[in-house]
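> The primary structure of each chain is shown beneath.
Number of protein chains: 2
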Amino acid sequence: MALPEKTPWRPGYSLTIHKIYQYALYMWSDLEIVSRTTKGLERYTFSDAARRIESLANALRALGVSGLDRVATMDWNTHWHYETYFAAPMMGAVLHPLNVRLAPNEIAYIMNHAEDKVLIVHSDFLKLAEAILPHAPSVEHVVIVDAESHPDRIAGRRLHNYEDLIKEHGGRFEWPELDENRPAAMGYTSGTTGLPKGVYHSHRMIVVHALSGALALATRGRRRVTGDDTLLHIVPMFHVLAWGLPYMATLTGMKQVFPGRLDPKVLLDLIVGEKVTVTAGVPTILYMLLSHPESGKYDLSGLLFVNGGQALPKGLADAARKRGIEVIVGYGMTETAPILTLANVPQKYMDRSEELSLTTGWPVPLVELMVADPETLEPVPKDGKTMGEIVVRTPWVTPEYYKDPEKTEKAWRGGWFHTGDIAVWTPEGYIQIVDRDKDIIKSGGEWISSLRLESLISQHPGVAQVAVIGARHPKWGERPVAIIVPKPGWQDKLTTEEVREWLAKNFVEKGEIPKWWLPDKIVLVDDLPKTSVGKINKRSLREKFANILEQEPQQ
Amino acid sequence: MALPEKTPWRPGYSLTIHKIYQYALYMWSDLEIVSRTTKGLERYTFSDAARRIESLANALRALGVSGLDRVATMDWNTHWHYETYFAAPMMGAVLHPLNVRLAPNEIAYIMNHAEDKVLIVHSDFLKLAEAILPHAPSVEHVVIVDAESHPDRIAGRRLHNYEDLIKEHGGRFEWPELDENRPAAMGYTSGTTGLPKGVYHSHRMIVVHALSGALALATRGRRRVTGDDTLLHIVPMFHVLAWGLPYMATLTGMKQVFPGRLDPKVLLDLIVGEKVTVTAGVPTILYMLLSHPESGKYDLSGLLFVNGGQALPKGLADAARKRGIEVIVGYGMTETAPILTLANVPQKYMDRSEELSLTTGWPVPLVELMVADPETLEPVPKDGKTMGEIVVRTPWVTPEYYKDPEKTEKAWRGGWFHTGDIAVWTPEGYIQIVDRDKDIIKSGGEWISSLRLESLISQHPGVAQVAVIGARHPKWGERPVAIIVPKPGWQDKLTTEEVREWLAKNFVEKGEIPKWWLPDKIVLVDDLPKTSVGKINKRSLREKFANILEQEPQQ
Chain B
584 MALPEKTPWR
594 PGYSLTIHKI
604 YQYALYMWSD
614 LEIVSRTTKG
624 LERYTFSDAA
634 RRIESLANAL
644 RALGVSGLDR
654 VATMDWNTHW
664 HYETYFAAPM
674 MGAVLHPLNV
684 RLAPNEIAYI
694 MNHAEDKVLI
704 VHSDFLKLAE
714 AILPHAPSVE
724 HVVIVDAESH
734 PDRIAGRRLH
744 NYEDLIKEHG
754 GRFEWPELDE
764 NRPAAMGYTS
774 GTTGLPKGVY
784 HSHRMIVVHA
794 LSGALALATR
804 GRRRVTGDDT
814 LLHIVPMFHV
824 LAWGLPYMAT
834 LTGMKQVFPG
844 RLDPKVLLDL
854 IVGEKVTVTA
864 GVPTILYMLL
874 SHPESGKYDL
884 SGLLFVNGGQ
894 ALPKGLADAA
904 RKRGIEVIVG
914 YGMTETAPIL
924 TLANVPQKYM
934 DRSEELSLTT
944 GWPVPLVELM
954 VADPETLEPV
964 PKDGKTMGEI
974 VVRTPWVTPE
984 YYKDPEKTEK
994 AWRGGWFHTG
1004 DIAVWTPEGY
1014 IQIVDRDKDI
1024 IKSGGEWISS
1034 LRLESLISQH
1044 PGVAQVAVIG
1054 ARHPKWGERP
1064 VAIIVPKPGW
1074 QDKLTTEEVR
1084 EWLAKNFVEK
1094 GEIPKWWLPD
1104 KIVLVDDLPK
1114 TSVGKINKRS
1124 LREKFANILE
1134 QEPQQ
Chain Z
584 MALPEKTPWR
594 PGYSLTIHKI
604 YQYALYMWSD
614 LEIVSRTTKG
624 LERYTFSDAA
634 RRIESLANAL
644 RALGVSGLDR
654 VATMDWNTHW
664 HYETYFAAPM
674 MGAVLHPLNV
684 RLAPNEIAYI
694 MNHAEDKVLI
704 VHSDFLKLAE
714 AILPHAPSVE
724 HVVIVDAESH
734 PDRIAGRRLH
744 NYEDLIKEHG
754 GRFEWPELDE
764 NRPAAMGYTS
774 GTTGLPKGVY
784 HSHRMIVVHA
794 LSGALALATR
804 GRRRVTGDDT
814 LLHIVPMFHV
824 LAWGLPYMAT
834 LTGMKQVFPG
844 RLDPKVLLDL
854 IVGEKVTVTA
864 GVPTILYMLL
874 SHPESGKYDL
884 SGLLFVNGGQ
894 ALPKGLADAA
904 RKRGIEVIVG
914 YGMTETAPIL
924 TLANVPQKYM
934 DRSEELSLTT
944 GWPVPLVELM
954 VADPETLEPV
964 PKDGKTMGEI
974 VVRTPWVTPE
984 YYKDPEKTEK
994 AWRGGWFHTG
1004 DIAVWTPEGY
1014 IQIVDRDKDI
1024 IKSGGEWISS
1034 LRLESLISQH
1044 PGVAQVAVIG
1054 ARHPKWGERP
1064 VAIIVPKPGW
1074 QDKLTTEEVR
1084 EWLAKNFVEK
1094 GEIPKWWLPD
1104 KIVLVDDLPK
1114 TSVGKINKRS
1124 LREKFANILE
1134 QEPQQ
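Residue numbers (our numbering), protein chains in the order written: chain B, 584 to 1138; chain Z, 584 to 1138.
There may be inaccurate statements among the hints.
Said to hold, decoys possible - Pairs of lysine to any residue, SDA-like flavour, derived with a Cα cap of 20 Å:
1. Lys986/Z - Arg593/B
2. Lys931/Z - Glu972/B
3. Lys968/B - Tyr609/Z
4. Lys589/B - Lys589/Z
5. Lys622/B - Asp707/B
6. Lys622/Z - Glu760/Z
7. Lys993/Z - Pro957/Z
8. Lys1113/B - Lys986/B
9. Lys965/Z - Leu608/B
10. Lys965/Z - Tyr609/B
11. Lys965/B - Glu951/B
12. Lys931/B - Val617/Z
13. Lys931/B - Tyr609/Z
14. Lys589/B - Glu760/Z
15. Lys931/Z - Val617/B
16. Lys589/B - Pro591/Z
17. Lys589/B - Pro957/Z
18. Lys986/B - Pro591/Z
19. Lys931/B - Asp631/Z
20. Lys710/Z - Asn695/Z
21. Lys931/Z - Thr809/B
22. Lys965/Z - Ser612/B
23. Lys965/Z - Ser630/B
24. Lys1104/B - Asn1130/B
25. Lys931/Z - Ser630/B
26. Lys905/B - Glu938/B
27. Lys710/B - Ala738/B
28. Lys589/B - Trp758/Z
29. Lys589/Z - Arg593/B
30. Lys931/B - Lys858/Z
31. Lys858/B - Met933/Z
32. Lys589/Z - Pro759/B
33. Lys1113/Z - Leu1124/Z
34. Lys589/Z - Asp762/B
35. Lys993/Z - Leu608/B
36. Lys589/B - Leu651/Z
37. Lys931/B - Thr860/Z
Claimed, not checked - Not the full set, but computed from the structure, chain B residues with beta-carbon under 10 Å of chain Z:
38. Ile603
39. Thr802
40. Lys931
Think of the hints as simulated: they come from the structure by calculation, not from any bench. For every residue, glycine included, the Cβ atom is placed at its ideal position computed from N, Cα and C.
Looking at chain B on its own, in the form it has when it is part of the complex (with noise of 0.2 Å):
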């Protein structure tokens, strides 16, 4: 009788969605959660909410679902996802939350691609599902929500009622004991370049993340966050689990609000009206919220914004700032479930929270992170100038691109995953992304941060949006421009000659960036196209500016 080399397993050890579901029930059944429906605001339990899950369980059951089976859903932020996100995985199926906001072939193609069986389906998307079902034969039924009533049949297949299922198969389902390496939930990347890859990651990966990212947020910055707040769900829950969220705010018994569509009337309505005191989202979100006509009615001081998906402007958090918004960076991506890490400010850096809390951050905890040379994976100096990519290790990065082996033997080359961003790190700790690979400008030989130059460019009074991309350029390879928004008023004093004076004097002779940064061209647009996440889509921008240096020569 040796001490083993691996400790037996007894019941109770597997890290699974269930485990969260039962430690809620058990801490915080009389939970409140809020969702906007068309009937207006609906409010119940967390105790509610596990009746229902129960019984979707069952209904799901009886349509079929066995196995990994792929549940996917074309749904707002709703109690019916949020149900959905416990129900598809605690069963043993695969969660798989559709992103809407891709064009039809794309959403077709993705379905193919994971196989889906079973669509739940919001009545707002019920006409793009109706489109897309034809061209998507594995899904053999779909079910309806927020809908009084409907066709019994769309595109060959049952339409059910997700009301009426939930009536119908009411009672206890006995959630099986699940492997905590079984995969509970699939999503794919928003993919600006090349067709969408898709991932997936297991029920241990969600719930170390949820501890993880719980941990951060109670542990880290000007504020904590805990079970003492509410939790106004912005990040879409068919983007990469609402980064986690709703498992964070469950393990941690946060009041939590589901805004339905995402309106920005209706987010501050909900901002007020539920006394929200934390959200997350990307910096259209919040320039949404600050920019709408009648923000200045509402008092949003108090409220914590957590910034993901893009780098936050500075002109855009100090616009916040002077609303009292407190506001903090995130970082991660859809291959890494998603946070590696937060820009919540260490207490020991405190003093420089306002400036520090806008960087790409600090790890999460058990995330093992460097800033490296992409083919050797030799770390590059903490000296927060030399660039390299972040590659990391931690417990919920994906294993794979699925069906993907040579996608995947490239992100994972040298036992590191390959996140394709470009950062520098600094002797805090603390990184900062200067650009993805694909968007750095490589003038001359040299490289120039297009995101840096945005940041700067944000800071222009006259400035409402920016977007800097690389333009061919004869001599140079590439040189960068800017793509501006400008603000109401400032259409013609806005030239390239007056952002280059601007940015030479307030940076280039504070030595802030050297001179051959300044852009050789601005153009003024109405507005930048978006990706289906709200990212600006520089691809298409690429596309649209790549020979406008060519066509008239600026230097």
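Guided by the hints, dock chain Z onto chain B, whose structure is given.
Showing chain Z alone in chain B's frame:
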């Protein structure tokens, strides 16, 4: 290429202690660690510690430590102990802290049972080691800490100097990638009855326990514990990994203070001198801090004391609160690594925080817990009255009693781990231990909680300490007897009649306990016997006073 039933494994997934180590090294390399040695207060940073941890691993390897070899320790709470907490398990060996308060023959039994290979010993315990080593043949090397000079050999074995080893074996240690289910640490239950029982915990258990405990401390209760805190290590590091606190503190970046030998005056000096904000221990320690003759000179306000190992008497809690100390109760056992519950009160019951933080508390995240009939495993009603046994399932309960399949099977019967603690649970979700199953007093077929009586009697103005036991009774089987240490000046005033009348007036008349719970007799003593871990030794009291009612029947 179907979705796999189990996700493939990638580098960085394993939840090993190395994950905590590398994270701390990244995040808080300059974390301050203070250690009191014979030289006075020594200070260093976590990155200093890390270099020494690497050297220690090199040295242990050179001494022949390999595989699952056990590295035993006989040490106070010192930085040497802390270094061993990381070096031994991270190199793949098994950390085995020995309880130096046990009798030498018990320690010898444990060392033989565990088959310890190396012993790291504090100079204070060199004599103890010398007495035991002839009976512990598995030990091949002995390493001494905190000694300027010492013999070359001890009981036929080489006696190495820790600091010399560190100097000789400098340089990097290549930490192996370990299976997270590999045993990392062993411990033995203090064994108030029968022989000590061995348990072990894997890397994964220790890491998930640290995540959960840190999250519970940071998100519940009036006083949140985070990296902003300074932790004084009072819980002996030879007792259930110091409740996991060294790992939690390292994970969240708390300044840590190691006091060496536990001396109340030293602890008071450290609390004030090092601005300690949180500590943990058994009630006896709290009593010692408050009753030290010079205690009044120290400002203890703002300190959080996490009480464990034994219920916190209300009288003692009140005395602590008068000094501005916040107290909360925690509960666990050697088998459970140890934390199961904490009485840091969730937000919704915060208005009853003073009362509820003295209960046994609420489960920490991921703990599945029931108060149930120990035979049928049917949960008892959550009515705050019906007693049952606490049974648990959690990712960090020991899988077995080492080399004891019979006890293992008994403890794990029905797929739940049986704690042997009798409790009630409440509509609010907290539990309240009413007794150990062996301490409960069975009077005429009904149960009387000795703990409850102790808690009430402790509030009597003349009572310094109290233990209640069941003494044999010719008519009722057992009846309660209170063993009391009186406060100065009360020696003559405390009689059985006085205590019975005071209890009747304050608790029986108010319906808090039935009249038949009143103790049949009180016995005044100068001191209560303690177990090796500082708990009141009821077994010894029972042996002494079991017949006291038969000798002089009372009713």
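> Each of the hints needs a verdict: does it hold here or not?
A quick look at each hint next to the structure:
no.	hint	result
1	Lys986/Z - Arg593/B	17 Å, holds
2	Lys931/Z - Glu972/B	45 Å, violated
3	Lys968/B - Tyr609/Z	18 Å, holds
4	Lys589/B - Lys589/Z	18 Å, holds
5	Lys622/B - Asp707/B	14 Å, holds
6	Lys622/Z - Glu760/Z	37 Å, violated
7	Lys993/Z - Pro957/Z	11 Å, holds
8	Lys1113/B - Lys986/B	28 Å, violated
9	Lys965/Z - Leu608/B	14 Å, holds
10	Lys965/Z - Tyr609/B	11 Å, holds
11	Lys965/B - Glu951/B	15 Å, holds
12	Lys931/B - Val617/Z	18 Å, holds
13	Lys931/B - Tyr609/Z	14 Å, holds
14	Lys589/B - Glu760/Z	14 Å, holds
15	Lys931/Z - Val617/B	18 Å, holds
16	Lys589/B - Pro591/Z	19 Å, holds
17	Lys589/B - Pro957/Z	29 Å, violated
18	Lys986/B - Pro591/Z	13 Å, holds
19	Lys931/B - Asp631/Z	18 Å, holds
20	Lys710/Z - Asn695/Z	19 Å, holds
21	Lys931/Z - Thr809/B	13 Å, holds
22	Lys965/Z - Ser612/B	14 Å, holds
23	Lys965/Z - Ser630/B	16 Å, holds
24	Lys1104/B - Asn1130/B	12 Å, holds
25	Lys931/Z - Ser630/B	16 Å, holds
26	Lys905/B - Glu938/B	15 Å, holds
27	Lys710/B - Ala738/B	11 Å, holds
28	Lys589/B - Trp758/Z	18 Å, holds
29	Lys589/Z - Arg593/B	18 Å, holds
30	Lys931/B - Lys858/Z	16 Å, holds
31	Lys858/B - Met933/Z	19 Å, holds
32	Lys589/Z - Pro759/B	16 Å, holds
33	Lys1113/Z - Leu1124/Z	10 Å, holds
34	Lys589/Z - Asp762/B	8 Å, holds
35	Lys993/Z - Leu608/B	29 Å, violated
36	Lys589/B - Leu651/Z	11 Å, holds
37	Lys931/B - Thr860/Z	17 Å, holds
38	Ile603	8 Å, holds
39	Thr802	4 Å, holds
40	Lys931	8 Å, holds
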